[in-house]
Amino acid sequence: MSQNRTFSFEFFPPKTPEGVAKLRTTRQQLAQFKPEFFSVTFGAGGTTRDGTLAAVLEIQGEGHAAAPHLSCIGSTRDSIGAILQEYRNHGIRHIVALRGDIPSGMVGIGEFRYANELVAFIRETHGDWFHIEVAAYPEYHPQATSAAADIDNFVRKVEAGADSAITQYFYNADAYFHFVDAVRAKGVTIPIVPGLMPIANFSQLARFSDACGAEIPRWLRLKLQAYGDDIASIRALGLDVVTELGDKLLSGGAPGLHFYTLNQAGLVSTVWQRLGL
Numbered sequence: 001m002s003q004n005r006t007f008s009f010e011f012f013p014p015k016t017p018e019g020v021a022k023l024r025t026t027r028q029q030l031a032q033f034k035p036e037f038f039s040v041t042f043g044a045g046g047t048t049r050d051g052t053l054a055a056v057l058e059i060q061g062e063g064h065a066a067a068p069h070l071s072c073i074g075s076t077r078d079s080i081g082a083i084l085q086e087y088r089n090h091g092i093r094h095i096v097a098l099r100g101d102i103p104s105g106m107v108g109i110g111e112f113r114y115a116n117e118l119v120a121f122i123r124e125t126h127g128d129w130f131h132i133e134v135a136a137y138p139e140y141h142p143q144a145t146s147a148a149a150d151i152d153n154f155v156r157k158v159e160a161g162a163d164s165a166i167t168q169y170f171y172n173a174d175a176y177f178h179f180v181d182a183v184r185a186k187g188v189t190i191p192i193v194p195g196l197m198p199i200a201n202f203s204q205l206a207r208f209s210d211a212c213g214a215e216i217p218r219w220l221r222l223k224l225q226a227y228g229d230d231i232a233s234i235r236a237l238g239l240d241v242v243t244e245l246g247d248k249l250l251s252g253g254a255p256g257l258h259f260y261t262l263n264q265a266g267l268v269s270t271v272w273q274r275l276g277l
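Residues in the sequence shown are numbered from 1 upward in steps of one, following our numbering.
Hints in this document: simulated from the structure, not taken from any laboratory.
Worth double-checking, as some hints may not be accurate.
When the alpha-carbon atoms are kept at most 25 Å apart in a straight line, the in silico PhoX-like pairs for lysine-lysine are as follows [said to hold, decoys possible]:
1) 22 x 34
2) 34 x 248
3) 223 x 248
Computed beta-carbon distance windows for the label pairs [as the list claims (entries may be wrong)]:
4) 233 x 79: 24 to 34 Å
5) 152 x 89: 28 to 38 Å
6) 62 x 149: 40 to 50 Å
7) 223 x 174: 12 to 22 Å
8) 81 x 233: 43 to 53 Å
9) 159 x 264: 35 to 45 Å
10) 111 x 89: 15 to 25 Å
Remember, predicted model here, so these are calculated numbers, not experimental data.
Just so you know, even glycine gets a beta-carbon here, dropped at the ideal spot from N, CA and C.
The task is simple: from the sequences and hints, build the whole structure.
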C-alpha cells in the first residue's frame, strides 16, 4: 500500500542570503525522508520567478526531484511559454499549475483567466513532457460562486490534462473525503493528495486561513487563541491535531501527503515520525 503513496514538501523561494542558507539546512533535514518531490511556490503575478527557478535548480542539483509552481494570472502566452521552455531545458518534468492570486493594483488579468486554460496550454505546447499537478479546495475556493461551481472548475482542470492534484490545507478530514467523493462521482480518477499545514503560530495561521478560505474549526481556534503567547502549548496541540489528521487521511485511503513546510523542518519532521512513515 505505502509504496504507491506520494509524499512531498513545499517551500517558498527565499528572498535573502540568510533565507537561502536556512532553506538548504531545512532541505537536508527533510531529504532524509526521501520525498517524491520538493515543490517551490511562485509569487503573485510572477514576482518570484527568478527565485523559484534558482531554488528549483538547486534542489535538482542536489539530486532531488523539483516541481516549480507556475501561476498564470497577469501573464501572456509568450511569457508562460518562455518559463515552460526554460524549465524543460533544465530537465524539469513536473509543474504545479495554478491560476494564482491577483496582485493588488494589477490592471488586466492577462491572457489566462483560469488554471484549466494554463493546463490546456501546457499540454498543447509540451505534450506529455510535464507531469501537471493542480490545486484542489476541499472547503472550496474562497472566490467560488458555489460548491457545485468549484467542483466543476476542478473537473475542467482535470479534463484539460492534469495528472494529479494537491489540496489546500484543512483541519477537517471529512471535507477532504466529501470533496474526493464529489469529484469521483463526476468521473475524476486522478490522485488527490491532501495538503497538511503544521501549526507553529496561531496569528500567522489565522491570517493565512482567512486569506485562502481554509477553515480552522471553532474548537481549535478557541483553544489556540486561549494559549496566547504560549508557543510551546500551541505547537504541542498543533502536533497532536495534525498527526491525528494525517493518520485519519492515510487510513481513509488518501494517496499520500503534501506538507506545507513554510521552510521549516522541525514540526514536519515530528509529524512524519509520529505517523511512522
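Status of each hint after checking the structure:
no.	hint	verdict
1	22 x 34	19 Å, holds
2	34 x 248	22 Å, holds
3	223 x 248	21 Å, holds
4	233 x 79: 24 to 34 Å	47 Å, violated
5	152 x 89: 28 to 38 Å	35 Å, holds
6	62 x 149: 40 to 50 Å	41 Å, holds
7	223 x 174: 12 to 22 Å	19 Å, holds
8	81 x 233: 43 to 53 Å	50 Å, holds
9	159 x 264: 35 to 45 Å	37 Å, holds
10	111 x 89: 15 to 25 Å	22 Å, holds
In summary, the one numbered hint that this structure violates is 4.
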